[in-house]
Amino acid sequence: MAVHLLAEALEPWETLIRHQQSLAAGCFGATAVFVGTMRDFNEGDDIQAMTLEHYPGMTERQLETIGQEARRQWPLEDVLIAHRVGRIHPGDPIVLVAAWSAHRQAAFEACRFIMEALKSRAPFWKQERLQSGQQRWVSGNTPGM
Amino acid sequence: MAVHLLAEALEPWETLIRHQQSLAAGCFGATAVFVGTMRDFNEGDDIQAMTLEHYPGMTERQLETIGQEARRQWPLEDVLIAHRVGRIHPGDPIVLVAAWSAHRQAAFEACRFIMEALKSRAPFWKQERLQSGQQRWVSGNTPGM
Amino acid sequence: MTITVLYFASLREFAGRPREDMDAEGIRCALDVWRRAQEGRPLPPGTLIAVNQEYAAADHPVREGDEVAFFPPVTGG
Amino acid sequence: MTITVLYFASLREFAGRPREDMDAEGIRCALDVWRRAQEGRPLPPGTLIAVNQEYAAADHPVREGDEVAFFPPVTGG
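Chains as they are written, first to last, in the working numbering: chain A, 1 to 145; chain B, 1001 to 1145; chain C, 2001 to 2077; chain D, 3001 to 3077.
Read the hints as simulated data drawn from the structure, not as lab findings. Small disclaimer: the values here were computed from a predicted structure and weren't measured. We treat Cβ as the ideally placed atom computed from N, Cα and C, and that holds for glycine. Please note: incorrect hints may appear among the correct ones.
Restraint-style ranges between C-beta atoms, simulated for each label pair [claimed, not checked]:
1) D/G3016 with B/A1009: 55 to 61 Å
2) B/Q1048 with C/R2017: 34 to 40 Å
3) D/E3054 with A/T51: 22 to 28 Å
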């Protein structure tokens, strides 16, 4: 299992390919992946940029804990979680979650579980900068289930 | 929407990256991806190779139909389906499904719907070649939900 | 005009051939096609049928020019 | 030994500072930390609390050496 917090650009597919190379081919039959990307609109406004704040130390621990919970709940070969912090712009990837398993049900469910848990428990906060120059904290997540 | 049937190696991440470049960055917030890979074991036996047979014409139509059903059911920016045919070996990717949406719930659910529909309706058949040299038709799929 | 009959996977092995053409005379439905082609051998349980590349029931009408396919449960993905 | 108090995101703006150290004397729980640091201002609704980087309730015991954080609902992913 790997957890990455990145202050530089997150390249989800490269990160995924690199990580998957460490797995034995043939052991997993299913890979479920989610990538969250910054949109250029939110709540009816055009967004210019966003700052992702986190709680150094606690954020990593929460992501580790969430990944371990998934591994206890489903038979997984591996889990990868990567999340951006700092200044980002529309189109930039924010989060990558991948789960490898022998079977697709476990991979799908674990990937989604990790995303929902991350959204509700991992200490990250988004501050949007609108096209108007106004800054605002994003107040909550859209429901995912 | 794109549907690919490939007699040559399926490179899922390259296919995904290439396809995603055709989408406007910032329009989608969520990408859900599933990749199915050939395992080196099945029902207790070591597998040497596998042949994926399909029904030329009908297979493409079924995949198109399944993709369109997903687009009617969820608000998706795009859908990508790619599937191998022919001779493959353990570790080779078999199938790639990707769904792009503004929101993660739609992306996750559409991706999983497409995989389950593909498994139950798209005319593909797997014939395994065991390490012993014996050949056998795979008789059914493991349940995915 | 004739009917095109296709067999896939284990049904191809069962039928002993991948395809054949059949005179449409006297054929009303997909099951008629199977019976004539396979000389009365029963349809293996679980066999799926497609008429013109769409899933169809055994009593689905078939006429000349149609493509009728028989195959076992699908196992892709 | 003191208690380390951290504020994140909108709570940092509310508090007017990102962190502070506090004498542990007379502090029993996380809410005591907030009250002393914020001079009795009520906790904004929805505020989350972590003690030593684990989520904790307002009445979670706090002693010297602990790290206590206050922050709004999380919005990552």
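Each hint tested on the structure:
1. D/G3016 with B/A1009: 55 to 61 Å: Between D/G3016 and B/A1009, where Cβ atoms are some 59 Å apart, the hint holds.
2. B/Q1048 with C/R2017: 34 to 40 Å: 27 Å Cβ-Cβ, so the 34 to 40 Å window is violated.
3. D/E3054 with A/T51: 22 to 28 Å: Since the Cβ atoms of D/E3054 and A/T51 sit about 25 Å apart, the hinted range of 22 to 28 Å holds.
Against the hints set out earlier in the document, a violation occurs for number 2 only.
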